Amino acid sequence: MMFKNKLALAILAAGISTQAAAAEIGEFNGTKLSIGGYVKAEGVYDMPENGSDDFAGSMRQTRLNVSAVKQVDGHTLKAFVEGDFWDNNIGADFADGTYGLRLRHAYVAVDNVTVGQTWNGQFFANAPFDVEMVNLWGLGVGTIAGNGAVVRPDLVAHYTLGGLRLTLQDPVQEGSAYPDMVAAYTYRTGGHAFNAAITGREVQDTGNNGDDTEFGAALSLAAKFQFADTTLAVSGFTGEGAGVYAGWGYNGGAAGPNISDVDGAGDLIKTTGMTAGITQKFSSNLRGTVRYGQVKADEVAATVEDDTLDMVNVNLIYTYMPGLDIGVEWRDQSATTRPTAVSADTSGRPEGQQVELFAMLKF
Numbered sequence: 453m454m455f456k457n458k459l460a461l462a463i464l465a466a467g468i469s470t471q472a473a474a475a476e477i478g479e480f481n482g483t484k485l486s487i488g489g490y491v492k493a494e495g496v497y498d499m500p501e502n503g504s505d506d507f508a509g510s511m512r513q514t515r516l517n518v519s520a521v522k523q524v525d526g527h528t529l530k531a532f533v534e535g536d537f538w539d540n541n542i543g544a545d546f547a548d549g550t551y552g553l554r555l556r557h558a559y560v561a562v563d564n565v566t567v568g569q570t571w572n573g574q575f576f577a578n579a580p581f582d583v584e585m586v587n588l589w590g591l592g593v594g595t596i597a598g599n600g601a602v603v604r605p606d607l608v609a610h611y612t613l614g615g616l617r618l619t620l621q622d623p624v625q626e627g628s629a630y631p632d633m634v635a636a637y638t639y640r641t642g643g644h645a646f647n648a649a650i651t652g653r654e655v656q657d658t659g660n661n662g663d664d665t666e667f668g669a670a671l672s673l674a675a676k677f678q679f680a681d682t683t684l685a686v687s688g689f690t691g692e693g694a695g696v697y698a699g700w701g702y703n704g705g706a707a708g709p710n711i712s713d714v715d716g717a718g719d720l721i722k723t724t725g726m727t728a729g730i731t732q733k734f735s736s737n738l739r740g741t742v743r744y745g746q747v748k749a750d751e752v753a754a755t756v757e758d759d760t761l762d763m764v765n766v767n768l769i770y771t772y773m774p775g776l777d778i779g780v781e782w783r784d785q786s787a788t789t790r791p792t793a794v795s796a797d798t799s800g801r802p803e804g805q806q807v808e809l810f811a812m813l814k815f
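If you use our numbering, the sequence shown corresponds to residues 453 to 815, in order.
These aren't lab readings, by the way, just hints derived from the structure by calculation.
Remember, predicted model here, so these are calculated numbers, not experimental data.
Cβ coordinates follow ideal geometry from the N, Cα and C atoms, glycine included.
Do not rely on the hints blindly, as some may be mistaken.
Stated by the list, open to error - Under the rule of at most 25 Å between Cα atoms (straight-line distance), these lysine to aspartate or glutamate pairs were calculated in the DMTMM-like manner:
#1 Lys-530 with Glu-476
#2 Lys-733 with Asp-784
#3 Lys-722 with Glu-666
Unchecked claim - Distance ranges between label pairs, derived from CB positions:
#4 Ala-635 with Val-766: 33 to 39 Å
#5 Ala-493 with Lys-733: 23 to 29 Å
#6 Val-742 with Leu-671: 23 to 29 Å
#7 Leu-618 with Ala-754: 38 to 44 Å
#8 Gly-552 with Phe-646: 24 to 30 Å
#9 Phe-679 with Gly-615: 20 to 26 Å
Construct the complete structure from the given sequences, taking the supplied hints into account.
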């Protein structure tokens with residue numbers, strides 16, 4: 453039994469992954485243990501279209517993860533668990549600063565099979581092919597993974613083979629007879645990357661009291677191009693049954709699983725989205741991004757003012773030292789997608805403008 457303490461080197465070796473930073477801290481009986489995450493301070497100034505301006509700050513996005521990796525009979529086994537404190541208020545109100553640990557990821561991977569709570573298939577079909585955003589709510593408006601409420605299902609199974617990824621995931625709608633599904637393929641060449649994905653799920657016909665079901669399918673395309681210090685990213689999707697994942701549907705931003713993808717008569721609606729973004733690296737320490745996203749429902753309820761949700765993100769991020777980023781992001785969205793009244797102050801996404809200032813230390 454041997455434990456190699458590498459804590460002194462952990463911070464220097466920290467790197468960025470999909471979940472957060474991670475660094476190896478030791479090896480125990482052939483199992484490599486790692487710890488990662490970040491501490492983030494954020495201040496968000498709301499300038500809503502309706503209502504008064506407001507400023508709120510928090511540390512709730514701070515997160516911590518641990519992982520264990522070992523080799524067994526030629527197979528790679530990995531376990532990963534991550535939590536944060538985002539929007540998990542356990543105090544009397546949001547003002548008292550008391551937040552409980554919230555589970556983000558908990559999965560086991562054996563070679564190219566992953567099972568547990570982690571990113572859904574829609575996320576992997578878009579996240580690697582988008583530009584950098586500070587906004588922490590879903591992948592981003594305009595993608596098929598724009599709804600942060602469903603981006604990490606309770607149970608997901610991924611299978612990968614080369615550029616192919618097949619996903620079965622806990623259905624967003626209770627009572628579904630089979631899992632939601634995603635099949636995606638990624639092609640990379642010369643620093644550029646392309647992804648095509650097909651999604652499908654059983655949609656219950658709530659307009660007819662849930663007695664009937666229909667199959668909703670959608671197509672997503674995404675691409676990312678690297679030209680020296682300039683990164684360009686574009687994506688688009690269209691189809692049925694995708695509104696709940698995109699965060700926009702028949703009831704606008706009230707994109708619950710039972711009301712997003714069918715109209716008042718119980719018929720499936722179609723949602724279509726697109727994104728375009730550019731990131732410019734100005735120096736080894738400074739980078740900036742401009743991004744536009746749009747998602748449209750071909751039919752919305754009479755209570756929804758517009759059938760289209762637009763969002764613009766503009767940010768500037770400075771790496772003060774390795775692992776420490778400070779920055780600012782301005783964003784403007786055309787409709788409320790996350791009312792402040794039902795969420796902590798910094799996690800509300802009202803119609804109008806927001807400015808976020810942040811400092812984040814990865815470890």
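These are the hints, each one checked on the structure:
no., hint, in the structure
1, Lys-530 with Glu-476, "13 Å, holds"
2, Lys-733 with Asp-784, "23 Å, holds"
3, Lys-722 with Glu-666, "13 Å, holds"
4, Ala-635 with Val-766: 33 to 39 Å, "34 Å, holds"
5, Ala-493 with Lys-733: 23 to 29 Å, "24 Å, holds"
6, Val-742 with Leu-671: 23 to 29 Å, "26 Å, holds"
7, Leu-618 with Ala-754: 38 to 44 Å, "40 Å, holds"
8, Gly-552 with Phe-646: 24 to 30 Å, "41 Å, violated"
9, Phe-679 with Gly-615: 20 to 26 Å, "22 Å, holds"
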